[in-house]
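Undergrad: These are the residues of each chain, in order.
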Amino acid sequence: MLAHRLTAMKKLEIVVLGEYVGDVRELLAEYVSGYTQIAPVSGRGHHGYHEGRLLFNDLSAQAMIVTVIRPEVLEPLLEGLLPLLERRSGVVWITDVSVSRAAYFDPSS
Amino acid sequence: MLAHRLTAMKKLEIVVLGEYVGDVRELLAEYVSGYTQIAPVSGRGHHGYHEGRLLFNDLSAQAMIVTVIRPEVLEPLLEGLLPLLERRSGVVWITDVSVSRAAYFDPSS
Amino acid sequence: MLAHRLTAMKKLEIVVLGEYVGDVRELLAEYVSGYTQIAPVSGRGHHGYHEGRLLFNDLSAQAMIVTVIRPEVLEPLLEGLLPLLERRSGVVWITDVSVSRAAYFDPSS
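Residue numbers (our numbering), protein chains in the order written: chain A, 17 to 125; chain B, 17 to 125; chain C, 17 to 125.
If you are wondering where the hints come from, they were derived from the structure by calculation, not from laboratory data.
Keep in mind the model is a prediction, meaning the values are calculated, not measured.
Every residue, glycine too, gets a C-beta built ideally from N, C-alpha and C.
Honestly, I wouldn't trust all of these hints.
What the hints assert, rightly or not - No farther apart than 20 Å at their CA atoms in a straight line, the calculated lysine-lysine pairs in the PhoX-like style are these: (1) K26(A) to K27(C); (2) K27(C) to K26(B); (3) K26(B) to K27(A).
What the hints assert, rightly or not - Derived Cβ-Cβ restraints for the label pairs, each shown as a range: (4) D112(A) to D122(C): 22 to 32 Å; (5) E91(A) to D112(B): 12 to 22 Å; (6) E91(B) to P92(C): 29 to 39 Å; (7) R21(C) to A24(B): 20 to 30 Å; (8) D39(B) to E42(A): 20 to 30 Å; (9) E42(B) to A24(C): 21 to 31 Å.
Stated by the list, open to error - Beyond 12 Å from chain B on every Cβ pair, some chain A residues (computed): (10) E35; (11) G38; (12) R41; (13) L43; (14) S49; (15) W109; (16) D112; (17) S116.
Let the hints inform the model, and build the full structure from the sequences given.
TA: This is the structure in structure tokens:
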């Protein structure tokens with residue numbers, strides 16, 4: 017059985033405008049050892065005021081940052097991430113995933 | 017606790033040939049406020065007849081459209097989406113996700 | 017109800033350095049009928065020794081391969097995939113998903 021080699025984790029998919037990727041990465045660095053960035057992606061959504069222009073529901077260059085964390089890290093990470101995303105018109109989707117080699121994802125490893 | 021700030025939603029990942037993205041977007045616009053498009057992606061799968069040539073199991077330029085909806089929207093959206101994907105050789109994957117700011121995803125918002 | 021048209025499957029997201037995509041594809045071909053490749057993606061993570069140079073925590077061109085399999089295929093596929101990923105510094109995330117047209121994903125179809 018491989019079941020004992022899989023560990024329950026949380027996957028975060030964060031979608032933000034490309035210019036805010038640095039802010040997200042900086043915050044993630046405290047909690048995760050790695051991430052995968054998919055860019056550029058395009059999207060249609062809410063952006064509110066952006067660079068002094070009203071870009072409501074426009075098509076903008078966004079980046080998606082995907083990372084996997086231990087469940088106990090979810091709450092402290094979100095405490096920092098949610099206010100940042102609210103200011104930056106970003107979103108985060110959280111999914112239950114199983115991974116092999118969970119220790120790989122620890123920031124200390 | 018942040019738990020009360022997270023809402024259970026459904027994530028849809030739709031993979032279709034690039035030329036059919038417009039059809040999918042048009043249908044989504046009735047149900048979602050936004051989506052993220054990852055393109056181009058490549059894939060190997062079933063395509064059947066395409067542009068008059070038999071492209072079975074070929075490598076073609078595909079797009080992936082990712083969106084998040086409230087659970088109660090899943091069924092009406094799929095009623096329209098599944099027949100479209102069947103005609104267009106597309107697929108949809110549905111995953112349970114949690115999001116912050118669920119109202120962000122409502123088409124009326 | 018559409019529920020009976022949806023089937024519980026497993027989604028695999030495999031992240032590896034671009035040069036090892038061929039190895040992963042070759043292994044997947046025994047178990048799946050198709051996959052979607054998102055490339056290039058970038059990432060920060062563990063790479064250990066790579067091409068004779070120590071690239072610890074560097075930013076490298078990676079590929080993400082996404083595929084969907086029947087739950088009963090998970091274990092035999094992982095038996096082959098996990099050792100390959102360990103040698104190649106890759107990771108796999110496994111998620112429960114629902115799909116329409118499950119037969120579409122069978123290698124024999």
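Undergrad: Each hint needs a verdict: does it hold in this structure or not?
TA: Verification of the supplied hints:
Taking the CA atoms of K26(A) and K27(C), the gap is about 15 Å. The hint holds against a cut of 20 Å. At roughly 15 Å between alpha-carbon atoms, K27(C) and K26(B) fall within 20 Å of each other, so this suggested pair holds. Distance check on the hinted pair: K26(B) and K27(A) sit about 15 Å apart at the alpha-carbon level, within 20 Å; holds. Under the hint 22 to 32 Å, the C-beta atoms of D112(A) and D122(C), about 25 Å apart, fit the expected range.
Between E91(A) and D112(B), the C-beta spacing of about 19 Å keeps the proposed range 12 to 22 Å intact. Roughly 34 Å separates the CB atoms of E91(B) and P92(C), a value that falls within the hinted 29 to 39 Å. For R21(C) paired with A24(B), a C-beta distance near 21 Å keeps the hint of 20 to 30 Å intact. For D39(B) paired with E42(A), a C-beta distance near 39 Å fails the hint of 20 to 30 Å.
Checked against the given bound of 21 to 31 Å, the beta carbons of E42(B) and A24(C), roughly 29 Å apart, stay inside it. With a least beta-carbon separation of about 16 Å from chain B, E35(A) lies farther than 12 Å from that chain, consistent with its non-interface assignment. For G38(A), the requirement that its beta carbon stay farther than 12 Å from each beta carbon of chain B is met, with the minimum near 19 Å. Interface exclusion of R41(A) from chain B stands, the closest Cβ pair being 18 Å apart, more than 12 Å.
Consistency note on L43(A): stated as away from chain B, and its beta-carbon is indeed over 12 Å from all of that chain's, at 14 Å minimum. A cut-off of 12 Å between C-beta atoms confirms that S49(A) is not in contact with chain B; the least separation is 22 Å. The beta carbon of W109(A) sits about 5 Å from the closest Cβ of chain B, which is not more than 12 Å, so the claim that it is off the interface is violated. A Cβ of chain B approaches the Cβ of D112(A) within 12 Å, the least distance being about 7 Å, so the stated non-interface status is violated.
No beta-carbon of chain B is positioned within 12 Å of the beta-carbon of S116(A); the least distance is around 19 Å.
Violated hints for the displayed structure, listed by number in ascending order: 8, 15 and 16.
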